[in-house]
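Protein chains: 2
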Amino acid sequence: MISKKMEGLVNNNSVIRRMFEEGKKMAEEFGADKVYDFSLGNPNVPAPKKVAETIEALLAKEEPTVLHGYMSNAGFPEVREKIADSLNKRFGTGFTADNIMMTVGAAGGLNCALKALLNPGDEVAAFAPYFVEYRNYVANYDGVLVEVAPDTETFQPDLEAFEAAVTPRTRAVIINNPNNPSGVIYPEETIKDIAEILERKQKEYGSEIFIISDEPYRELVYTGAEVPYITKYYANTIVGYSFSKTLSLPGERIGYLVIPSEAADYEQLFQAVTIANRVLGFVNAPSLMQKVVAECLDEKADIGFYAKNRDVLYDALKEYGYSCIRPEGAFYMFIKSPVPDEKEFTEEAKKEHILLVPGSSFACPGYVRLSYCVSYGTCVNSLPGFKRLAEKYGL
Amino acid sequence: MISKKMEGLVNNNSVIRRMFEEGKKMAEEFGADKVYDFSLGNPNVPAPKKVAETIEALLAKEEPTVLHGYMSNAGFPEVREKIADSLNKRFGTGFTADNIMMTVGAAGGLNCALKALLNPGDEVAAFAPYFVEYRNYVANYDGVLVEVAPDTETFQPDLEAFEAAVTPRTRAVIINNPNNPSGVIYPEETIKDIAEILERKQKEYGSEIFIISDEPYRELVYTGAEVPYITKYYANTIVGYSFSKTLSLPGERIGYLVIPSEAADYEQLFQAVTIANRVLGFVNAPSLMQKVVAECLDEKADIGFYAKNRDVLYDALKEYGYSCIRPEGAFYMFIKSPVPDEKEFTEEAKKEHILLVPGSSFACPGYVRLSYCVSYGTCVNSLPGFKRLAEKYGL
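Taken in sequence, the protein lines are chains F and A. Under this note's numbering, the residue at position 206 of the first sequence is numbered 206, and the numbers go up by one with no gaps. Under this note's numbering, the residue at position 202 of the second sequence is numbered 202, and the numbers go up by one with no gaps.
Heads up, some of the hints might be wrong.
Where chains are identical, the list cannot tell them apart; a pair therefore holds if satisfied intra-copy or between any two copies.
[Unchecked claim] Dumping the calculated DSBU-like pairs for lysine-lysine here, alpha-carbon to alpha-carbon at most 35 Å:
{"id": "1", "residue 1": "K350", "residue 2": "K82"}
{"id": "2", "residue 1": "K50", "residue 2": "K392"}
{"id": "3", "residue 1": "K34", "residue 2": "K61"}
{"id": "4", "residue 1": "K318", "residue 2": "K25"}
Rather than coming from a laboratory, the hints here were simulated on the basis of the structure. Here the structure is a predicted model, which is why all the values come from computation and not from measurement.
Put together the whole structure using the sequences plus the hints.
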């Protein structure tokens, strides 16, 4: 009865979201403290106090017709200007309000970018492992996601495989840095190499190829490592940002796109993403939250909270014999499954009330993703279960 | 450079939105009190006090990780339940939380419904005059909008023309009641007739044809007229609602879809709209606002405010010789242009600092739309300009 495209999606519904629903049911059945739900990137750190304070201040001083009203589809101009200024201060860029479009989270922003760019059959490259929704976002506009196979030693981009994957139909490359699900950071050298390959391919094919940089985890970095700001290395870049993780506002759906003036046909492109925002039904990013984030740009995520979780989990899992990369950013750990079929492992883990997402949801079977944006207690209390699983599999 | 679909949209950008931008510029140039901007449905009535009070209460009592966190893609279960209960109380329906999906405004909801239903080439009928974005929403999923020509005497649906427009490819009919831009209400008899035609056509073609009922103006009714709740007359109905107009929250992007259990393949359909919500990048309706509207379901729009505007404008325009239907609902007036090319008239009106939207944006050339959700002062002060225009055109 439903559309053919949706039939495929319904039959193959998001494992992550199904886990989330399952986790809630298990919590009801066994008690929330007895379920170790590492399935979803739903931060357990409360939003900074400044968020509630700003909401209260806005309610007191702003006209409700403005605070809750329509504005330009691209967002409130003063909000966009504050974001541009903040980026310029932190990354030495030269943006103005005209380079910023407020979006319904990063997911909304990516959809607008892809709607603006893709003709049917256009290819979008992505480095495995990648967030599984990219495939759906690209398919929304009849594009084809082309997977660059993972380097499971380092989880850094395999640049040779990437170069081979770029064709005359390549319209965009999605980069997610820091990376979900691996937690690695792509360093400046890698970004320069990717930019160099794309410059060369653009010349060779006479095409414009965009980097779409999905950056919800930009501020979640443990090592002091720099996360390169890609517009400084490559003109045809669209940055998608979300405040979901930094300000712990995932349910509020607030983020932005950056379209640098150096991008090809910048003015037309900016108009296109703005119109996409409108016709896809977002219309504009939620108005109150636009004004809230503009006042919270200097707030920091409580990175210490996540670092503590990472350390206790990483150290214990390594001790138990699991194999995984120590995350440098984001709040995910990508663990090698003790058995080739990682779905078997996630099913076994469920018996320990541990919820993990199979790596096949990230185009990387044989691994599982653990989201450690949960309470410290959840991490610590899950350890005996992980230990029993390790023993069961003879690690 | 941008996609072909977007090229068409950029070249033919929304006249309404362009007017909105133009109105802001004119207000800066001439002063806001000297510009009579009737272009956009952006309510001038402030949100009810209960909205700010509820936000403050929620900030005080709810955990920020819940208040601003992810929930099921369909929305918070308790919010959906309250909405179902409110509908049941008011319309004698029998909905539960499982019939309600929270959406990013009505526009977001309509997109989810169309994504769930349409295969490429499927037809969606709409009664002219209709909100121009319907055409874009349908085109997002490669559907074809089939226009039912307007009856410019009554602006009620032409049922004979409608019946002729329904084909084996018809997948849905969009109904907007009370109507934007005409302000008329389709009475129960008309809804029954439409339902009867569709039942017959479904049988004839062996197809399922959905009514998608776009109802942001349901609560804005002047005459005491009943706006029929369509699920009671026709099983294959999807209702799209928005709190934008009733609670004056258009910028917050909060609404819901109703999928009645009687709809064909209800369970699969509900799953499909929920997944569409996710993959289109909405993910979920803004979390704080979900909880706000759940507490404000009994708040009433200040219909007196709009009625006063309607009366002063309607009476004066009739006196000056303009021809239009007295609106029964919503906050729009659809005025016959004094010259066949209504764009000439809107350009002349601009010289009087009066901003109106050409009817060709509603598939009804020869008319103009006036949004009177503005201050009473704007209405009154615009009258001399309307009078001069009437004299100029010899009305």
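Hint-by-hint comparison with the structure:
For the identical chains of this complex, K350 and K82 are inter-copy neighbours only, at 33 Å across copies versus 45 Å inside a copy, given an alpha-carbon limit of 35 Å. In this homomeric assembly, K50 and K392 never come within 35 Å of each other (Cα to Cα): the closest approach is 47 Å inside a single copy and 57 Å across copies. Taking the shortest Cα distances, K34 and K61 sit within 35 Å of each other only across copies (25 Å), while inside one copy they are farther apart (45 Å). In the homo-oligomer, the alpha carbons of K318 and K25 lie at most 35 Å apart inside one protomer (30 Å), although the nearest pairing across protomers, at 62 Å, exceeds that limit.
Violated hint: 2 only; the structure is consistent with all others.
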